[in-house]
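Two chains, two frames, a set of hints: combine them into the complex.
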Amino acid sequence: MAKKTNAARPGTMKKVLGYIGKYRLLLPVSILLAIISVCLTLYVPTLVGEAIDLIAHVGEPEFDSIDRIVGVLIEAGVLIGITALAQWLMSTINNKISFGVVRDIRNDAFTKLEELPLSYVDRKAHGDIVSRVINDADQFAEGLLLGFTQLFTGVLTIIGTLAFMIYMNWVIAAVVFILTPLSLFIARFIAKRTYSMFRERSECEGAATAYINEMIGNEKVVKAFSQEQKVLERFGKINGKLNRVSLKAIFFSSITNPSTRFVNSVVYAAVALSGALMAIPSINPGSAVALITVGELACLLSYANQYTKPFNEISGVLAEFQNSLACASRVFELIEEKSEIPDGENAVSLSEVSGNVRMDDVSFSYTPDKPLIENLCLEVKPGMRVAIVGPTGSGKTTLINLLMRFYDVDEGQISVEGHNIRDIKRRSLRESYGMVLQDTWLRAGTVKENIAMAKPDATDEEIIAAAKSAHAHSFIKRLKNGYDTVLGEGGEGLSQGQKQLLCITRIMLSDPPMLILDEATSSIDTRTEIRIQRAFFEMMKDRTSFIVAHRLSTVMNADVILVMREGKIVESGNHSELIAKGGFYYELYNSQFAR
Amino acid sequence: MKRLLKYLKSYKKECVLGPLFKMFEATLELIVPLVIAAIIDRGIEAENPSYVVKASLFLLSLGIVGLAFSLTAQYFSAKAAVGFVGKLRYAMFEKVGTLSYSDIDELGTSTLITRMTQDASKVQNGLNLTLRLLLRSPFVVFGAMIMAFTVDVRSALTFAAVIPLLSVVVFGIMLITMPLYKKAQKGTDKLLTRTRENLSGVRVIRAFGNEDEEISAFRGENDALTLIQRRVGRISALMNPLTYVLINIAVLLLIHTGAVRVSEGNLTQGEVVALYNYMSQILVELIKLANLIISITKALASASRIADVLSIESTENMGTLTKGKDTDIAVEFCSASLSYSGSSEASLDPISFAVRKGETVGIIGGTGSGKTTLVNMIPAFYKATSGEVRVLGEEVSKYSPEALRGMIGIVPQSAILFEGSIRENMRWGNENASDEDIMNAVATAQALDIVDGKGGLDAKIEQGGRNLSGGQKQRLTIARALVRKPEILILDDSASALDYATDASLRKAIKELSGTTVFIVSQRASSVMYADKIIVLDDGMAVGIGTHSELMASCPVYREIYATQFSEVHDG
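One line per chain: the protein sequences are E and B, in this order. The numbers in the working numbering rise by one with no breaks, and the one at position 136 of the first sequence is 136. The numbers in the working numbering rise by one with no breaks, and the one at position 313 of the second sequence is 313.
Chain B on its own, in the form it takes in the complex (with noise of 0.2 Å):
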């Protein structure tokens, strides 16, 4: 929590003045009671009319100047919270670019997100509370409590009695019902489930005849969180009886002592109402600084969860090298193996091979096998748990990011465009990329179609890549990745979405780039049997190495995967 604080330094000015500002406020609430008193006693009581003008005024003054104390208070509390989230989240923004890929997988994208949206805004609600009132409501119930002691010691016992009971009631509810809200929600996140799995499951489900079944279930569901909702409500409904009894009680105690003292010449009339109205304004006070607290708790919840993101020390290791060597190898596995975080199997068992600049290596296996786990650990997005991994001649972990990132293309399995324009996505390969390498790119990827469909490179694309189908989204990322005309590309399954015809002539088309060593993964034999080189992954173990004839003698599960394949033409 303590690394949150450096980003509300530069706030230090509003977060003293706003609190300030705000009990500036509440003390003239505090002598209003007084005024009152001295209308009675001094006005009222000694036939003074112009004095009754006077104070009357001096209520009417307080009022001005008391709206414009909470004026500024309010202003500073909003300047200190807004800015102070806006940091935050920039803060974790940067954060989540420092990050290593495993580093994201532990932690998952949506807990991220969940952090600077939802949590950041309840910790700029809970800040912005917290500075108006956390001292204004504890302040006009212990302000309202020694003002009835300068008033009259005795009277003002009740109050120091009556404060803490209230207390007790107030925030004995407020701990008893908590958990029991949470239960209520967790009740309802039930029926959100059930209606949820109802409308997408609605075939099966009626397939099934199970539409009865699943309407008893519901009203069971649905019982037991009424059950629960109604406990919720007796009980949270004895917060006004109570707490009205308490104060009125104290008024009838503090009236009749007040009688007493006024007997024995103590106390005036006036002071009488005056001990009265601060009665009145403790109990607002009080159930305001409950619902104060529940808030704050949230916030800080949150601001715990928002601390936790920025302290994650990054695993992301990488040097400052940012050229390799001048070799022919392009890409060099050394016995190198992986093991993600969190798993006790090896995803993939020790492998070496080393590709000549401008070969192409085809990846083949099942789901699982260790083909992405494999293409990842050359852009260093996983590092090696042994062996080595070398880009020209150099250990990966060695270069700079940008360098070794920058010579590579990547074609992700998943296509992911982003909002913008086809143009602008295509320069994320290559800031510097003309409108002509671009349209090059395009050509190679056998993407020409789209870009001309959709009326050139201005088009705009919807976020998440929503207007274009899946076959279209992979022939644009793999243009993305041409663009940056990178020394080795990397096509994970990107064609899977393509006919075969496209496929194959993508595969040409990238076959005619001179120089570029391409790493080919698939699960179709026909995708990867004319390469340089197939490696053969099964179960994270490397079962085959070799060119497709020489597989085919050799390696039972290419044999088998490719007889799948391509059986079945045969048959007919």
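If we strip away everything but chain E, and leave its shape as in the complex, we get (with noise of 0.2 Å):
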């Protein structure tokens, strides 16, 4: 995985804003729910206080005041209701709003993954981009949530009570206001102190990981070799380690807790002493009465506990607020990437393919500074067979994505049917092959979706026929539910062998004028291998093939053999015509072949 920054990119916020856009009728009324359910929760314990005040002047005959607490109660009691609804709105919006933006993102997302060049895809790691799509959108949910139900309202609620507690005691609220950095303060300064704490913790979780993914998964080599003591001996060490600094971190981590706590019961008692102390008429010179009422000092106690509630929460919510647009600004990056260049106006659809592909002086590199094909120019006619040799890494499969146009040629053209397939429909160009990679790629899914992937209408009768034809469908025919079966993701639960029959299968359902392929390697049996090749050369008849060869018989039958070393064609003619020059062909063809 690329490694995360955790700043957001500028202009991240209004991107977002940009999508919550859909939404901008509902926006305002969570607003306006925030407001009402944070005014009413500050104000309904001055009622309570209001009737425990009431509550002093219970017996005294003229004053009806049980009638009055009533009265009260039920006045919080109608205010309570309203707010416990105006809270529950609040979520189901902003659960609305929160959710439908994610989707909408990741929508956009997905798109433009069908939509990058594949330079981007080769080049980026996958675990990255998807873990931009899923995992950074999924943050990127749950923080705009947060920030939505607990950002706005917390600082409402820090203000609100700011001001009724000024409006109450102006003293009172100067005591709290003093004290409460405090807890901010102390919780900071645990948390820089433990970071190192747990970035060394999770450095050695890190190497306990690798060294039992290392050693558990290849146990049977330790096994083997009888290191089993020597392993755990070993792992005895890295774990006693991890356990000690384990211990280290989760213990200063877990002072976080307490300390804030501590700190609350400071501010506490401050409020009730200084509450108290004010409560007193007789210690309170040039006022008759008492500066505040018993009612009041028990609201104000409330306020204190919900007061620093909001603090503590609001740093936590705003480090995950800001890393979720973090997380933002990494799917909008993905979303802004440079997509390929769309079909042209007036790109043609292929009707009739037969089979006539040119390249007159194609050029390409993958990187400017590394020149790889140069000048070349090839002529293939219908049912012409392409083979294209050379050593392991001699940029074989680029000529494949040339013709594909996975990648655009830099300098020169390639053309189909007389047609620059810079003017062809990408999919018109592409359905014209049909192309079996020695990396079969299969997806999740029942054999039967597998094959019917590049013709999703077939029938079973055209899928069991084209099975047939690839030799495979005898041993899907075995297994546990035949056609229907359903692999995992990647093909799981067949073996190489098969799934390359699989990908076979699928170019045989389709049928296309022109074929693409990479032959198998030395990881299929030979007899595997014969029925794969029967396929193959099944496939080829009457139809311009390109093959990138790994057999003889596959090189020698070819019409035209390429002969690539080091990304470049050094060499082209058919067999006895390379044999003949003794060159890089002959040299290739003596350590390879010859056995």
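No lab work stands behind these hints, which were simulated from the structure alone. Here the structure is a predicted model, which means the values were calculated and not measured. Please note: incorrect hints may appear among the correct ones.
As a list, the in silico DSS-like pairs of lysine-lysine whose alpha-carbon atoms are at most 27 Å apart [claimed, not checked]:
#1 B:K183 with E:K96
#2 E:K241 with B:K6
#3 E:K220 with B:K460
#4 E:K96 with B:K190
#5 B:K13 with E:K241
#6 B:K298 with B:K325
#7 E:K241 with B:K460
#8 E:K248 with B:K183
#9 B:K323 with E:K237
#10 E:K241 with B:K183
#11 E:K468 with E:K112
#12 E:K230 with B:K323
#13 E:K96 with E:K381
#14 B:K95 with E:K237
#15 E:K241 with B:K122
#16 E:K96 with E:K14
#17 E:K248 with B:K298
#18 B:K87 with E:K220
#19 E:K220 with B:K13
#20 B:K460 with E:K237
#21 E:K96 with B:K182
#22 B:K95 with E:K230
#23 B:K485 with B:K511
#24 B:K383 with E:K220
#25 B:K190 with E:K480
#26 B:K383 with B:K298
#27 B:K190 with E:K448
#28 B:K9 with B:K357
#29 E:K248 with B:K460
#30 B:K186 with E:K112
#31 B:K186 with E:K220
#32 B:K186 with E:K448
#33 E:K230 with B:K460
#34 E:K248 with B:K323
See below:
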């Protein structure tokens, strides 16, 4: 996974607002509901305080206090109901907005995925892209929701509480106001100190996990060499270190809660002290009555509790929100990547493809400073077989990339049936080739679904017929549920040879006019190999085909052999021509094919 | 689960002291409302400022003592949780070392790894939280209620009513949303799989022009996920408003009864305030408890998975023999067959053959024909289901694992090296090997150029041998097996990534090791054709045993393999 930066790029918030724009009618409602619920939440305790004060007068005959208390309580009850309703509506609306926004962002990200040039997909770590579309989007949703519900109401609560406290008694408000930052300060102090401990811990954890992966993952080798005891000893050391470091990290981080709780109790005691002293008239000269009633004190005490809570939460929520913006900015980065150049307006669809392919002076390189293919000319007539040979890493797949227009040529042009492929609709160009790569790709789903990818409306009969001609029917039949057997991601549950046969079946079904094939190598046993080869030959009959060749028989029967070395085509011609030439092909032939 | 408790034994003290100190802290918290009540009734009402000051100082000291208690508790909990899980991890690691190959096959290494990493840390977290909160939260909830009863029984009845109601709301919402969250997770997984597939299969999808279909499928799955997320959100959004209403209605009722009780002279104003404060304490702890229960359930599930690993009975059942008989026969199969557990068909049908010391045996056949199965029976990785496998005249499972495997150098199919220097890797073959021994083995394995190229025996091999090519890894694993100067050398298709020339010189060098019995498993006829004895396997059955020329005459399968691999040259 790529390095994660924790800062959002500038402009991210604006883009987020752009997505929220779709819900612009809901947003003010949410804000209004937040204001209502915060104000009422703060107002209700004053009513409770009032009721408590009325209790003091209970028993005074001229004072119908119980009835008045009931009146106050009913008022409070109604307001409580309204508050709860507002809270619930607000959360529901925020839910709707957050998840909606994330859904939209995700859709855009995935759509982009289908438009990205292959060069991007090949270059970037897939795990990183997946994590942007899935994890980052998820974290953004969570952060957004939290931001909506807690950040906003939290700030409102703090401001409101302060206002109410100042209104009730400014001295006590001042006491609270001065003391609260203390808890923030302590929390930050501890967080800073524990940060390095946690980093050390995750390093140790990483080391332990890596060791477990390596040794348990290869336990059979460990046993084959009777290394169980030695490996265990070493794990004991790693584990011991992890334990020591974990204990430190866990303990120090767990100091935060008790510490802020302690600060809260200091605030609480200070409010109790100052409030109670002011509630005693005799020690407050200059005023005949108390500066504050008992009810007000009770109310202030509950405020003091409430007030510190959003403070503690806000610092957490703020960090979360910031992080979620950083996540969003990573998703946006993906969404804003350059797409493939779209098909031109006048791009044609190929209707009849007989198999004419021309390369005129084609040059291509992945990076400008490393020229790869230079001035390649090639004329392929219908039904011709073109073999591409060369050592591993010589760039044989680059040609496939150019033919399929996964990459665009830098200079020159490739044409199919006389049309420059840049003027052909991509889909139409690609559909005129059937491609089987050595790196077989199957998806999670049934065998049938995998075969029918090329032709979603294929009937069962067509699918079975294709499988038969690809020599795949016999093994599919023997699978647990035949054609309905569910395969795991990447075709899990099949052998390499079986996967390849399925990929060939897929092409058999789509019946394309031209072929691009990457032959299998040694991982398949000889008898399966023969079957695959037979399937290949079946397909190549009368079709223009390009084959990355590993087998001598393929190479020798080819009409043109392109010999590649270090990314360049060094020789071309048919087998006897090249042998006669005595060049690189001759060498290759002697070392690789002669046995 | 009981099995795990013994690992907790050495932390008995911590497990008792942790929660105990938490309870002390909670007790102090329960005193606070009483102090406030006293301030009101005896400080304010009695106009006694010095009492107010004293009581406030008392509040402060409660805070300080509470902090001390709580820190002590956190320390003990962390110590117990970390120590306990450290022991579990170690025990699991040790357990895995005792398992047989069949056990490992059955469990799967990825499962074992998850148990030791993710499950272990969930248990650690769960135990830590449990020690800290499991007693504290209920203690505060019920403590608050009991305190309320001591203040005034009639007013406290509200508590008895509201606590069950709150519990129903909090736990009810939790129970309803938990499966929905799981469903949402499944939905996310679907998106994840599709995204990953669209990256790994980008060429195939674009080759078929399936982009639009993929986008609409993704949108469908995304919509379904959003729907679930919104539904869960709506339900869990009920938690706050509902508990808010319940608690506040209870407060209102409390004040009403309180007012009546005060008018009857049974209660003071300060005591009403105290009751009010107790009510607020309950809610916070109840929500904490609900969250705690979620993590405990998860931790318990993880713990039982760990217990499963620890309770596996290993099927590794070896003897104590350290030496074989003095015989000329190195390896002998006496109608030995093998069926893997869970599979109805035999992977290797009964087979009999004997190999003399110093002979080279080639084993050839297609994928799944039983070649690896056969050689894995020699070091007793798997035991014969019927019949016997003997090494130096003794049945293999009579040996101690170290003795048997010490005689055998095996090069498994997948070339696996470990993080560390080349020397460290080579010494897996023999702990006491000198650099000279190692270099000799390296030379035989045709790997001198690798060691030189990397900068000698001290050169680092990265995890999984990432900094080596497939062929380089194969040659080094061969060298590793040779370092122990084995009496029996098994090469399980371990030259597949080598070119033919290197393969040939390797075979030549191995041939020169005198007295070593060699098994070569291969799909290439060229690798086995010069062996003293070739075993041809087809679908688990030995269809031919003999020399190359014998088999060419008598074994059609061998002829076919040979023909497919050599005909091409003759074509030209």
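Checked hints:
With a C-alpha separation of about 18 Å, the suggested pairing of B:K183 with E:K96 holds against the 27 Å cut-off. With a C-alpha separation of about 22 Å, the suggested pair E:K241 and B:K6 falls inside the 27 Å cut-off, and the hint holds. A C-alpha spacing of about 23 Å is found between E:K220 and B:K460, which places the hinted pair at or below 27 Å, so the restraint holds. Under the criterion of a C-alpha separation no larger than 27 Å, the hint pairing E:K96 with B:K190 is consistent with the structure, at around 21 Å.
Proximity of B:K13 to E:K241 is assessed by CA-CA distance (about 22 Å); at most 27 Å being required, the pair is judged to hold. About 55 Å separates the Cα atoms of B:K298 and B:K325, which puts this hinted pair outside 27 Å; it is violated. Using a Cα cut-off of 27 Å, the hinted pair E:K241 and B:K460 holds, with the two alpha carbons roughly 23 Å apart. Of the pairs offered as hints, the one joining E:K248 and B:K183 is violated, with about 37 Å between alpha carbons and a cut-off of 27 Å exceeded.
At most 27 Å may separate the alpha-carbon atoms for a hinted pair to count; B:K323 and E:K237 exceed this at roughly 34 Å. This hinted pair does not check out: E:K241 and B:K183 have alpha carbons roughly 38 Å apart, beyond 27 Å. Only pairs whose Cα atoms come within 27 Å are accepted, and E:K468 paired with E:K112 is rejected, the gap being roughly 38 Å. For the given pair, E:K230 sits about 23 Å from B:K323 by alpha-carbon distance, which is consistent with the 27 Å threshold.
Between E:K96 and E:K381 the CA atoms are separated by roughly 59 Å; this puts the pair beyond 27 Å, and the hint is violated. This hinted pair checks out: B:K95 and E:K237 have alpha carbons roughly 17 Å apart, not beyond 27 Å. Note on E:K241 and B:K122: the hinted pairing holds, with a Cα-Cα distance of about 19 Å set against a maximum of 27 Å. For the given pair, E:K96 sits about 20 Å from E:K14 by alpha-carbon distance, which is consistent with the 27 Å threshold.
The suggested pairing of E:K248 with B:K298 holds, with an alpha-carbon distance near 24 Å, which does not exceed 27 Å. A distance of roughly 23 Å separates the Cα atoms of B:K87 and E:K220; the hinted pair therefore holds under the 27 Å criterion. Restraint check: the Cα-Cα separation between E:K220 and B:K13 comes to about 40 Å, which exceeds 27 Å; the hinted pair is violated. The straight-line distance between the Cα atoms of B:K460 and E:K237 is roughly 21 Å, inside the 27 Å bound, and the hint therefore holds.
This hinted pair checks out: E:K96 and B:K182 have alpha carbons roughly 19 Å apart, not beyond 27 Å. Restraint check: the Cα-Cα separation between B:K95 and E:K230 comes to about 14 Å, which is no more than 27 Å; the hinted pair holds. Our distance criterion of 27 Å between C-alpha atoms is met by B:K485 and B:K511, whose separation comes to about 13 Å. For the proposed pair B:K383 and E:K220, the alpha carbon gap of about 15 Å is at most 27 Å, so the pair holds.
Only pairs whose Cα atoms come within 27 Å are accepted, and B:K190 paired with E:K480 is accepted, the gap being roughly 24 Å. Distance restraint check for B:K383 and B:K298: the Cα-Cα separation of roughly 38 Å exceeds the 27 Å cut-off, and the hinted pair is therefore not satisfied. A distance of roughly 19 Å separates the Cα atoms of B:K190 and E:K448; the hinted pair therefore holds under the 27 Å criterion. Between the alpha carbons of B:K9 and B:K357 the distance comes to roughly 54 Å, so the proposed pair goes past 27 Å and is violated.
With a C-alpha separation of about 32 Å, the suggested pairing of E:K248 with B:K460 is violated against the 27 Å cut-off. Of the pairs offered as hints, the one joining B:K186 and E:K112 holds, with about 24 Å between alpha carbons and a cut-off of 27 Å not exceeded. About 33 Å separates the Cα atoms of B:K186 and E:K220, which puts this hinted pair outside 27 Å; it is violated. Between B:K186 and E:K448, the direct Cα distance comes to roughly 24 Å. Compliance with the 27 Å bound is thereby established for this hinted pair.
Distance restraint check for E:K230 and B:K460: the Cα-Cα separation of roughly 20 Å lies within the 27 Å cut-off, and the hinted pair is therefore satisfied. This hinted pair does not check out: E:K248 and B:K323 have alpha carbons roughly 50 Å apart, beyond 27 Å.
Comparing the model with each earlier hint shows violations of hints 6, 8, 9, 10, 11, 13, 19, 26, 28, 29, 31, 34; every other hint is respected.
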